[in-house]
Amino acid sequence: MPKGIPIEKLRNIGIMAHIDAGKTTTTERILFYTGKTHRMGEVDEGAAVMDWMVQEKERGITITSAATSCFWRDHQINIIDTPGHVDFTAEVERSLRVLDGAIAVFCAVGGVEPQSETVWKQADRYKIPRIAYVNKMDRIGADFNRVVKMMSDKLKTRAVPIQVPIGAEDKFEGIIDIVDMLYRVYDESSLGSVFEDSPIPEAYQELATDYRKIMLEAISDFDDLLLEKYLNEEEIEISDLKRAIRKGTLKSEITPVLCGSSLKNKGVQKLIDAIVDYLPAPVDVPPITGINLKTKKEENREADLDAPFSALVFKVASDPYFDRLVFFRVYSGTLKVSQQVLNTLSDRKERVSRLLEMHSNKREDLKEVSAGDIVAGVGLKYSVTGATICDPKYPIALEMMDFPEPVIYVAIEPKTKADQEKLESSLRKLANEDPTFRVTNDADTGQTVISGMGELHLEVLVDRLTREFKVGANVGKPQVSYKETISEVAEAEGKFVRQSGGKGQYGKVTLRVEPLGPGKGFEFEDVTKGGTIPKEFVSSVEKGVGEALGNGLIAGYPIDDLRVSLLDGDFHEVDSTELAFHIAGSLALKEAVKRAKPVLMEPSMRVEIVIPEEYLGAVIQDLNTRRGDIVGMFDRHDSKVVDAEVPLSEMFGYATELRNMTQGRGLYTMEFSHYQVVPEKASPISYTKSI
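Per the numbering used here, the sequence shown starts with residue 1, numbered consecutively.
One thing to keep in mind: the hints can contain errors.
Restricting the straight-line Cα-Cα distance to at most 25 Å, the calculated cross-link-like pairs of lysine-lysine (DSS-like) are [said to hold, decoys possible]:
hint, residue 1, residue 2
1, Lys251, Lys9
2, Lys495, Lys349
3, Lys477, Lys594
4, Lys264, Lys36
5, Lys121, Lys520
6, Lys477, Lys503
7, Lys470, Lys417
8, Lys429, Lys349
9, Lys594, Lys520
10, Lys422, Lys477
11, Lys529, Lys495
12, Lys495, Lys590
13, Lys171, Lys154
14, Lys9, Lys422
Label-pair restraints from in silico Cβ distances [claimed, not checked]:
hint, residue 1, residue 2, range
15, Pro201, Pro287, 31 to 41 Å
16, Glu573, Gly550, 42 to 52 Å
17, Asp170, Gly550, 38 to 48 Å
Hints were generated in silico from the structure; no laboratory data involved. Predicted model, so just to flag it, every value in this text is computed and none were measured. Beta carbons: idealized from backbone N, C-alpha and C, even for Gly.
Required output: the full structure, derived from the provided sequences and hints.
Here it is, written out as structure tokens:
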């Protein structure tokens with residue numbers, strides 16, 4: 001381990017939340033109080049250490065997940081500060097994949113917002129233990145209890161306050177810690193570095209006692225000794241409480257809730273204590289599972305320094321000094337500089353020339369890394385996001401990561417001939433970095449097309465092209481990534497026969513296509529009986545079908561959400577080939593889709609709009625003209641919140657429209673929800689003319 005920290009004293013955590021909940025500000029305070037930095041960087045001033053990209057400083061948002069480490073109470077805390085904007089959801093996804101625990105930051109005014117729910121579900125999928133931090137208790141409209149209730153209602157978690165704020169808004173004074181039953185106030189002139197713990201004032205004794213009872217009832221389920229003391233009304237030690245809270249948190253059965261105001265430097269030290277006390281070390285989480293490439297069986301790798309080396313690449317970043325930095329999480333064993341590793345994704349051996357501990361965009365050389373470490377490596381030319389690197393003698397493939405499909409695209413072309421080559425290589429580098437960024441060439445127009453998760457995502461990438469890679473480029477208007485699907489069950493035959501004097505080509509198949517639900521993807525099954533097609537040709541049929549799905553009949557968009565069944569076929573002992581069945585499968589698929597009444601699908605976005613009540617009627621009327629469905633409406637402080645689902649094609653330029661409608665007082669957030677069928681009257685193309 002770097003700096004000799006035992007593995008049980010290591011914490012790999014992420015900070016996740018909705019945009020503008022205060023993640024980066026909280027991270028900056030953690031770095032300041034742990035002595036990692038000596039000056040607090042402010043997001044609003046563009047001086048946050050973790051937001052080091054030019055685009056992040058200008059926009060005041062986090063775009064790329066930044067990694068750093070700090071020390072507190074003899075523990076090393078590796079922190080990844082993730083973006084809150086939905087366009088950069090891949091950054092959150094890949095960060096959560098390699099973390100052991102997380103802090104979910106909630107705004108005391110906004111509470112559980114759409115992106116909060118999205119990242120919470122992502123963390124649920126990876127079974128990551130969490131603690132919650134209700135930030136911005138100093139803001140007008142701050143309501144701690146409402147946020148706790150929203151967590152229980154919307155996130156379906158057992159939210160257990162272990163702190164209570166005293167006051168709110170401009171009267172936010174301090175914090176009562178329910179675990180040690182002390183009242184803490186902060187000295188603002190020392191930037192919160194100086195604080196005083198004192199007995200709870202009499203006016204708040206009843207409040208503290210009530211909250212302590214709620215906490216004890218929730219956590220006593222996880223510790224028999226605590227339960228016994230609680231039932232017998234014996235004295236309960238602080239160590240008993242912390243042990244029980246930790247057990248419940250590690251099982252993800254409770255979420256301890258803390259509070260504070262990072263901007264006003266209140267509550268952050270308690271949050272760092274909670275990271276150490278309640279979030280897991282690498283040895284506290286289940287061992288990573290992978291496929292042993294020698295035995296082809298599942299194998300567990302414990303977080304053990306003596307086990308064979310294995311690590312997962314979760315990020316690749318372009319770097320002006322090293323060309324590319326490869327970020328990886330070590331799950332088992334030890335790796336030294338210049339040691340050779342096997343990349344199981346590309347089946348190539350690579351040599352790590354340097355190992356680096358990262359602090360935002362700064363770095364420090366390491367001689368070796370061990371289980372639990374999150375570091376960057378230089379020299380891994382073939383490693384991409386999701387690749388496993390391991391000891392060549394003990395090859396293992398860890399589980400890959402899944403990323404959402406892009407929903408928006410633009411055409412891009414170089415301004416000059418000199419920019420052509422630079423554009424291609426720069427786009428390739430950006431695509432290596434970002435799994436949700438795709439680069440394709442349109443066969444019909446010859447244009448280069450880039451796809452991403454939203455307008456901001458593509459805007460930032462194009463900005464990086466011009467500033468970072470010095471490429472001149474012209475960019476078209478954003479377009480929606482449509483898909484096609486079928487609305488009925490249909491069958492069709494595909495036959496490919498070619499005679500050319502010598503050996504011919506012969507393949508014949510019958511396929512059935514049937515629609516699946518939205519988001520179900522593509523399924524292929526062979527239901528032939530009696531060997532009507534030799535097994536070696538079935539995979540060729542599947543490849544032909546897969547190829548044909550890439551080019552729909554309505555407007556050439558990919559076909560999705562359908563099951564294709566191979567029902568029957570015929571072959572020739574001499575003339576049948578893999579190519580013949582590949583083509584026959586493709587022909588049968590196209591004919592079956594044509595008979596199954598294909599329809600166009602469009603991405604539908606979940607939109608949350610926060611507005612003063614007087615503009616509610618105008619906003620709802622406008623959403624109706626955009627084919628929006630109102631899912632719900634509720635109050636938030638003195639504003640109205642409208643929850644709606646709206647087609648992405650209707651949302652271009654909405655920021656300007658909303659500002660005009662609400663005199664600049666309206667806010668909205670938007671994230672991908674699902675694909676839905678486009679009504680023909682709203683379709684950008686005519687189905688009947690196209691097919």
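Is the hinted pair Lys422 and Lys477 satisfied, with a Cα-Cα distance of at most 25 Å? 22 Å, holds
Tell me if the beta carbons of Pro201 and Pro287 are separated by a distance inside 31 to 41 Å. 48 Å, violated
Proposed proximity, Lys503 with Lys477 (alpha carbon, max 25 Å): Status violated; Cα separation ~51 Å.
Does the alpha-carbon distance linking Lys529 and Lys495 stay inside the 25 Å limit? Since the Cα atoms of Lys529 and Lys495 sit roughly 19 Å apart, the hinted pair holds (cutoff 25 Å).
Proposed proximity, Lys349 with Lys429 (alpha carbon, max 25 Å): Between Lys429 and Lys349 the Cα gap is close to 21 Å, so the pair holds against 25 Å.
Is Lys495 close enough to Lys349, meaning Cα to Cα at most 25 Å? Between Lys495 and Lys349 the Cα gap is close to 44 Å, so the pair fails against 25 Å, i.e. violated.
Between Glu573 and Gly550, is the Cβ distance one that fits in 42 to 52 Å? At roughly 32 Å between Cβ atoms, Gly550 and Glu573 fall outside 42 to 52 Å, so the hint is violated.
Take a quick look at whether Lys470 and Lys417 sit within 25 Å of each other, Cα to Cα. 14 Å, holds
Distance restraint between Lys121 and Lys520, which requires alpha-carbon spacing of 25 Å or less: Cα-Cα ~19 Å, so holds.
For a C-alpha distance cap of 25 Å, please report whether Lys9 and Lys422 respect it. 46 Å, violated
Please work out if Lys594 and Lys520 have their alpha carbons no farther apart than 25 Å. 20 Å, holds
Is the straight-line distance between the alpha-carbon of Lys171 and that of Lys154 25 Å or less? Violated: Lys171 and Lys154 sit about 28 Å apart, past 25 Å.
Comparing the model with each numbered hint stated earlier shows that hints 2, 3, 6, 13, 14, 15, 16, 17 do not hold.
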